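As a plain string of letters, each chain reads:
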Amino acid sequence: MPIDIDEDNLKHGLLGLVIALVEVIKDALNLQAMKRMEGGSLTEEEMERLGEALQDLDIAIEEIKKEQGITESVKSVRDGLDSIVDDVLDKMINPERWRKEAEEKGI
Amino acid sequence: MEPSRDTHATLVDLLDRILDKGLVINADIIISVAGIPLIGVNLRAALAGMETMLKYGVMQAWDEKSRAWEREYRKKNVPSLVEGEEIVLKMYGSYYYSKGIYNAWRPGYFYLTNKRLILYRQDFDEITFQMPLEEIKALVIREEAHFVKEKKKQVLYLIDKQDRVYRLSAVETNQLKDTIVQNLTASGLSLEKSPVLPEFEEGPIDFLIEGEEVTHRGEKVWYLVPASGIQQETWRPGHLYLTNKRLCWWYDFERKLVFDVPVNRIVSVNTEMRKLSGLDSKREKVLDVAYKFNSTKAIASFSGGRQVDEWVEALNRTIYGKIDEETETCPQCGGLAPAKELLEQGCSSCGWVSHRLKNKINKSALLAE
Chain A
1 MPIDIDEDNL KHGLLGLVIA LVEVIKDALN LQAMKRMEGG SLTEEEMERL GEALQDLDIA
61 IEEIKKEQGI TESVKSVRDG LDSIVDDVLD KMINPERWRK EAEEKGI
Chain B
1001 MEPSRDTHAT LVDLLDRILD KGLVINADII ISVAGIPLIG VNLRAALAGM ETMLKYGVMQ
1061 AWDEKSRAWE REYRKKNVPS LVEGEEIVLK MYGSYYYSKG IYNAWRPGYF YLTNKRLILY
1121 RQDFDEITFQ MPLEEIKALV IREEAHFVKE KKKQVLYLID KQDRVYRLSA VETNQLKDTI
1181 VQNLTASGLS LEKSPVLPEF EEGPIDFLIE GEEVTHRGEK VWYLVPASGI QQETWRPGHL
1241 YLTNKRLCWW YDFERKLVFD VPVNRIVSVN TEMRKLSGLD SKREKVLDVA YKFNSTKAIA
1301 SFSGGRQVDE WVEALNRTIY GKIDEETETC PQCGGLAPAK ELLEQGCSSC GWVSHRLKNK
1361 INKSALLAE
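Each protein sequence line maps, in turn, to chains A and B. The first sequence lines up with residues 1 to 107 when you count with this note's numbering. The second sequence lines up with residues 1001 to 1369 when you count with this note's numbering.
By construction, these hints were calculated from the structure, which means they are not laboratory data. Because the structure is a prediction, the values reported are computed rather than measured. A portion of the hints provided could be inaccurate.
Unchecked claim - According to the in silico footprint, chain A covers these stretches of chain B (three or more CB under 8 Å from chain A):
1) 1015 to 1021
2) 1041 to 1051
Said to hold, decoys possible - Now the in silico label distances, taken between C-beta atoms and shown as ranges:
3) A/42 <-> B/1039: 39 to 45 Å
4) B/1233 <-> A/45: 55 to 61 Å
5) B/1045 <-> A/88: 57 to 63 Å
6) A/8 <-> B/1028: 47 to 53 Å
7) B/1008 <-> A/8: 52 to 58 Å
8) B/1171 <-> A/92: 33 to 39 Å
9) A/76 <-> B/1092: 29 to 35 Å
10) B/1037 <-> A/42: 44 to 50 Å
11) B/1142 <-> A/46: 44 to 50 Å
12) B/1107 <-> A/83: 52 to 58 Å
All C-beta atoms, glycine included, are put in the ideal place defined by N, C-alpha and C.
Only chain B is shown next, with the shape it has when bound in the complex (with noise of 0.2 Å):
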């Protein structure tokens, strides 16, 4: 038989040739200029498809090891599931977490299964939430605000047999819904219709103290946290309270009053457009709060949207609550009187009393005789 050559090498014969056979480079060079020697390579390289390398020993525990990585981390990336358990759904999302002092939102992966529905940490190996699907009474998707800006997060609250509320969150919030009640619909359970969902507490209230009371509140503020030490001043999420005693500013995320002054000692009250970030180049209306520190005066900054002109009035309101009318000097002695008071009884230090009212006394006086 006569050796024949088959005339249609192609590149892909080539390589697989190549690689198939090995290549080895050994290659000692020395560039040198004018018979002197400058530069010196000494180049040893060897190319091959794996299963040759294998063959001749090469990178032998190194192909053992990566393999070996892999599987390992291929294993911990799926929550082990009990037999005959399929995962429906994977997405991202968390779970609101609390016990004690510990309050956050723990991230991780969603994975719905015909039969539960677990949070899933993978770089932990961690199953932080499960729900049997038989468990759960009802769900609930709620709009909450975000701690960011004004944006609006889907909150869903998952009620349990035990009437245990759970607040999850995902990417797309609805579709998680929706696919555990399809789920649950397809293995013949059913969840409540309308269920009633107990209320939320998100600010605390338990920094009052004794005989006071929240006068006015609303939805999340802004403070500008003063600079101190290496940190800038920068604006932090949180809640305003005004109570017959105090201005107080509750951290969302450190769980306690950061900012607090007694009413009397607020000066003024005026509002602002200003720059809230170098980022961001809208204006936004900012309430600057004056009052007296330390026999000096210091300004706290809010912003809370549009709720900045509610806080004004509420401000207002109770700073100049008890003087609400127009203050007049006293044309006699000169001393500072509300309007209504100096024109009806006259001056209270001086006893001046206005010609109306003088006019009113006699008269009054000659009736009476």
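So that you can see chain A by itself, here it is in the shape it has in the complex (with noise of 0.2 Å):
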């Protein structure tokens, strides 16, 4: 199969991917930043830096997504990474499912 890379098709594909890795990080620090913050240890000015900061990250973030015109392609890679995830943690964990392919192997 021919590999066809022209400016456009690398900007989507590649930068879609990085920005859709560094979204998916940042979701997962967000996370992370409300547990801190409910656990009690920051202080109220920590807390404040700390929220600043992710928005400042949120903001960035979004910015670049409109400069470059790859929001769609963001969302579809997301999109595609989510749905790995499910399909395999899906297979991992659904007795439903286990039993189901079972079923069809003719076990």
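Take each chain as given, in its own frame, and dock them per the hints.
Okay, here's the thing in structure tokens:
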């Protein structure tokens, strides 16, 4: 299969992937930040600083996406990643699926 | 109630679950070839969100320490302000500090607050300059020679109510000035319209010996300081002074005379187009002054852009000034004498007189009779 790489293609593919991964990490950080804040060991000033920093990160990523016009491709990469995760987890921990697959194979 | 599974797990959910619960890997691996163990790997890793880590008592001290360090750092980052004071502008800049033998631009960050102008140095947590806004009488921006090439540096002169003058410089000197003016107007203060700036003497003249007078001087001149020790020959900025006795070059940074030669020892003055540094391929006009030194000849090189020609003229005027007319050799004894003197008065050493002069003398002698 010939790989067709032009500038646009590369941008949407590679940059989309990078930004999607950054977004995933950012979301994970956001959730952990919530947990730390709820944990109660942070001071008022630290919480404010943390919130501000994460907000800045949010804004920066949104700006990059808008500037590069890759909002759609980032979304599709994330959907793809999510469905892979969903599928793998489903395979590992869903008893109903085990039964179905077993039936299909005729065991 | 039936336990149910949300069918839409996402990557973020997965990560969050892992971080929340924590992941511990404990692995012992031996890589062997033909039944002989060759490489051993003993792996212990724990991955978890910080909150989970803390819950299990891991990295507690580290967490405390890093937060304490950040707190300390942030405290130092900003100069201590009085109550009700707010920072309006922060800009990198410097302030000319001069006391005794110490003269230097001291760098730091300018903080303009609604009450003061502060120059703050983070590393030492030190306020090196501060001026209450109501003490500012006038602000003037002037362009001054920068020590780098011919670039100009904008210097903000701040005059306070006691008529003391401070020299400030910032990344955007104009913006700094404008913002100060805005803040002054906002707090109902005004500046003097056209202030008089006292003249600053850049180059010092205290190296002159008795009876010496500066006859020519100019803007910044670079001197090729000869190699000494491990120091290679380098161009350094300073000022060149021609006096009635000497040619002197004052080194700006060390504030002393580095080169001086009596005028009567100067043999010749030439110019040459030369590359000044390996980095810059541009050729510049260099002034080469040849002078007698310990019975040999030495050459000192100066560069100063467009000024070089002025210096050549000034030096030539001084060196050849007294004998600027052409010299002639006496046809009778071969001695050197200025052409004019030779023609109008005859040779002073052998008494030779030109025909025309002889005729003239004879004529006037006849007339007198």
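Taking the hints in turn, this is what the structure says about them:
1. 1015 to 1021: Since three or more residues must qualify, the claim that chain A covers the region 1015 to 1021 of chain B holds, with 4 doing so at under 8 Å.
2. 1041 to 1051: As far as the region 1041 to 1051 of chain B goes, the hint holds, because 3 residues have Cβ atoms under 8 Å from chain A.
3. A/42 <-> B/1039: 39 to 45 Å: holds, 44 Å
4. B/1233 <-> A/45: 55 to 61 Å: The hint (55 to 61 Å, Cβ to Cβ) holds, given that residue 1233 of chain B and residue 45 of chain A are roughly 56 Å apart.
5. B/1045 <-> A/88: 57 to 63 Å: Roughly 21 Å apart at Cβ, these two residues miss the hinted range, so it is violated.
6. A/8 <-> B/1028: 47 to 53 Å: Because 49 Å falls inside the window, the suggested range holds.
7. B/1008 <-> A/8: 52 to 58 Å: violated, 31 Å
8. B/1171 <-> A/92: 33 to 39 Å: Taking Cβ atoms as reference, residue 1171 of chain B and residue 92 of chain A lie about 58 Å apart, which means the hint is violated.
9. A/76 <-> B/1092: 29 to 35 Å: violated, 44 Å
10. B/1037 <-> A/42: 44 to 50 Å: holds, 48 Å
11. B/1142 <-> A/46: 44 to 50 Å: holds, 46 Å
12. B/1107 <-> A/83: 52 to 58 Å: holds, 56 Å
Violation of the numbered hints given earlier is confined to hints 5, 7, 8 and 9; the remaining hints are satisfied by the structure.
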